[in-house]
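Turn these sequences into a full structure, and let the hints steer you where they fit.
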Amino acid sequence: MTFLKVVAFSLAMVFAFALLANILPQVQSNPPTEEAVDTGSLDQAGQIAWGERLFTGKGTCTLCHNALGRAPDLLQLDLAAEFPSRIADPRYAGAAKEAEGPAAVEAYIRESMIAPSAFVVAGFGKKGTADKISPMPKVDGPPISLTADEINAIVAFLEDRAGLEVTVPLPSAEAVAAAESAGDGADGGPAETAAAAIVKFGCGACHDLEGSGADVGPKLGGIGARLDRAALRRAILDPNAEIAKGFEPDTMPQDFAEQMRVSELDLLVDYLSNLPAAEAAR
Amino acid sequence: MSRAPLVFLVSLALWAAYFYAVDILIMEGQGLPVTWALMPAS
Amino acid sequence: MSRSGKILLACVAVAALAALPELAHAAGALGDPAPVPTRADYPTVGGMGGRPVVWGLAQMHLFLAAFVLAVPIFVLMIELAGVLTRDPRYDAMAHEFLKISMAAYSFTALTGGGLALALFLFYPVVMDYMLRVFRGQVLFYALLFGMESVFLYLYYYSWDALRHGNRKWMHLAIGLVLNDVGLTLMFIANAWTTFMMSPAGVDPLTGAITGSVWEATRNPLWNPLNLHRFLANIAYGGAIVGAYAAYRFLSARTAEERAHYDWMGYTSNFIAVAGFLPLPFAGYWLMAEIYAYSQQMGITAMGGILAWLFIIQAVLIGTILLAANYYLWCGLNRSEAGARYAPYVKYIAVVIVGGFLVWVTPHSLILTPEEVRILGGTTHKVLGPLGIMPAKNTAVNLMLIFTFMSFQMFYRSGREPTVPWARAGNAVIGALYIAGIVNIVLAGIYGYITPTVYKVGASVPQVLTTLTIIIACAVIDGFMGRGARRNKIHWGRMSTRSQYALFVLPVAFTWLMALMGYIRSSVRTQWHVYAIMKDASPEAYIPTIGDAGNMITTVTLAFMAVIVFVFWLSQLGATKQAADSSEAPAE
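Protein chains in written order, with my numbering: chain F, 1 to 282; chain D, 283 to 324; chain H, 325 to 911.
Honestly, I wouldn't trust all of these hints.
[To be verified] Computed from the model, here is a short list of chain F residues facing chain H with C-beta under 7 Å:
(1) Met13
(2) Ala130
(3) Ile133
(4) Pro135
(5) Pro142
[To be verified] Computed cross-link-like contacts, SDA-like style, restricted to lysine to any residue with a CA-CA straight-line distance of at most 25 Å:
(6) F:Lys132 with H:Ala616
(7) F:Lys58 with F:Lys5
(8) F:Lys5 with H:Arg817
(9) F:Lys58 with H:Ser845
(10) F:Lys127 with D:Ile308
(11) H:Lys423 with H:Leu496
(12) F:Lys5 with H:Val886
(13) F:Lys138 with F:Gln76
(14) F:Lys127 with H:Arg817
No lab work stands behind these hints: they were computed from the structure. C-beta: ideal position from N, C-alpha, C; glycine also.
Here it is in structure tokens:
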């Protein structure tokens, strides 16, 4: 009899807990779906809308950027005033300093996503780091892993919210998910690796990359330490802006801005940022 | 009997001082503000 | 076994443990990136996917493993207490605790084996990677299981043979090695679990192995989980044997039995609460490390989709604390001196219940849009602020302090101090409580007026205050009790209701453990190995709390059935059927 009473008591308790679990708000959290966006057909409005979907979806931005105070509530703030004031902050020394107007804002937003600790808004740094280290993860790596097009879309979304002109280019005309493409750009699709991009644009013809041994252009080993990402982009897209010592202007092709896709440019900038100094020894 | 209230007050002061010191040490160790003047408005 | 044989065995054990680093650096398939599973890599059996099977087996295994690891810990301590106090009752109780849990070991091994098989069957790609990362360590794990069996059987079967004098110390040594082996087993399994959450020793982008097994083992969440599980196991083990004691008490037929099982129940409750008191701190450390490793993972756990689970956790822990305290308050009536403390119980009850209510208050409410409009927001103006961490930390610290106070009252009810400084000592203790409680409340207020990222920082002083109170009071009471007149405690003088409090503990603990496991696994979201290997199965989503609650309930019920069977077996083992006259030997 005692046994039955004890069992009944225990069962009642267990079912009470189960009941509690079932009457609370039920939320099933699904993994973010890879949205199949036909990037080729996007116009600017579409890009901005895509950016907004990413902001609340795959980018997981609203996990922290909300009213709970863990990160600046980007959807509530007056971004038109906020971004310029951040760039003007005396502590700020990042990529946006080299640009002006909307391009500066674009550079700031992009930098905040892929190098969050470059500048931390006061009060939002990791505890005990005096706002030097940001708790935000880099969005271009796992677990978020936004592609270059997706990052651009979010930048476009935020620029639009700030009431500024959108300065990011539209994604490439080809669909990104072309599974059949060799990914080397040979069939007209975008190069999918830095090595493929180097082959496609012939960088190895002048620079010593991937074992080419060429010395028409400067050695690029360890360039990531000398030039930051914005400067690398500029070096590729506008070579005459700054010439390395000992080399002549008008040597490097000046039309990469027309030829290259944003994704390919980003691949090359990534590659060059991480190129170790003794690359030539390969 | 007569000692107890005095012991109580003295130890109250000592414990309070101990806790205060521990608080300051821990908060500073975490890099957090400890004086009321430094407390940012929430 | 001879003395030298035991020494040899101990040396082998030490050598094996020391060899761990060597096995850790064994060669493996380094350099290859982690495999990328696709939808097709997840076999189903009879249309059923792997997750419910693995979840159920894993949780059963964890329940049983927690129990069988915990029992030797407190058995050893009680056995040692018996040696130091020369009171044979302690030894008898330790022996009994061990006896009732023996059958659980084979169930633990069964579920462990079943879990391994299920993992290989349903998640071959994941297991391929995990084995590549941990390589030789899994063989070492198997070896340790062999050693666990050896030392467990030695410890149990030699109890009466190694009963007195030097042999008793040998027995204690066997128990110590048993605990070492058990702990190591848990630490290794914890490494696999935490590696999946915070991988180390591998390339962050590709998952290629870049470090030794030790690096993968010593990932950021390893030690926090080790501490948390170690403490939780002790609390859990105490709670389960407490249920045994309560049941035997209720079905006792003699006053002697009643007294014995009442004492056993008290001891079990003591173990459960002693293991339980430091747990919130270990849990805090674990959450802090999760936040430090990945802000996203931390927010998913506490501020995002899993936030409501922590309200259920609050309900469960509040239940546990209330039950443990209620048992202690009933226990005060075992002595006249204790009955003197009884009028103060209502104040403790107010704090415990009040703290529980604060802890249970959610930050955001379940509201319809109409209700939001009426309320003027998603949080209640007055109660809403109670939903954030500073309030909850304050509440839980106060609840722990007052629970300790219940213990202290019972402890003191058994002793009349004879030291001359008794009143002064009481004054010091009173001052400590007041200063400590004020400090905790002030730290809580501090948490309210600082920015979000600093709020939780105020909880560390609160934790240290609580620990100071517990340790200082224990020390002072210990000295004050020297040479004290012992009051008669009438073991056995307990109500039936009080024993049901001892049933609440293991049931709530079991459900709570499974809930925490669901949270721990869910914070990985759609990753097998966080940020390295994505879960591509159809079950990559986090199930709703209701679904999880149903699964948790099912496994809890299954575990309860197993434990009832285990306890029943131990009684069966002590039963002898009377001889049947018809079987008298032929003349």
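Results for each hint:
1. Met13: holds, 5 Å
2. Ala130: Violated, because the Cβ-Cβ distance from Ala130 (chain F) to chain H comes to roughly 12 Å (cut-off 7 Å).
3. Ile133: violated, 11 Å
4. Pro135: holds, 4 Å
5. Pro142: holds, 4 Å
6. F:Lys132 with H:Ala616: holds, 15 Å
7. F:Lys58 with F:Lys5: violated, 52 Å
8. F:Lys5 with H:Arg817: holds, 21 Å
9. F:Lys58 with H:Ser845: holds, 21 Å
10. F:Lys127 with D:Ile308: holds, 13 Å
11. H:Lys423 with H:Leu496: holds, 16 Å
12. F:Lys5 with H:Val886: Distance ~18 Å between Lys5 (chain F) and Val886 (chain H) Cα, so the pair holds.
13. F:Lys138 with F:Gln76: holds, 22 Å
14. F:Lys127 with H:Arg817: Violated - the C-alpha atoms of Arg817 (chain H) and Lys127 (chain F) are around 53 Å apart, more than 25 Å.
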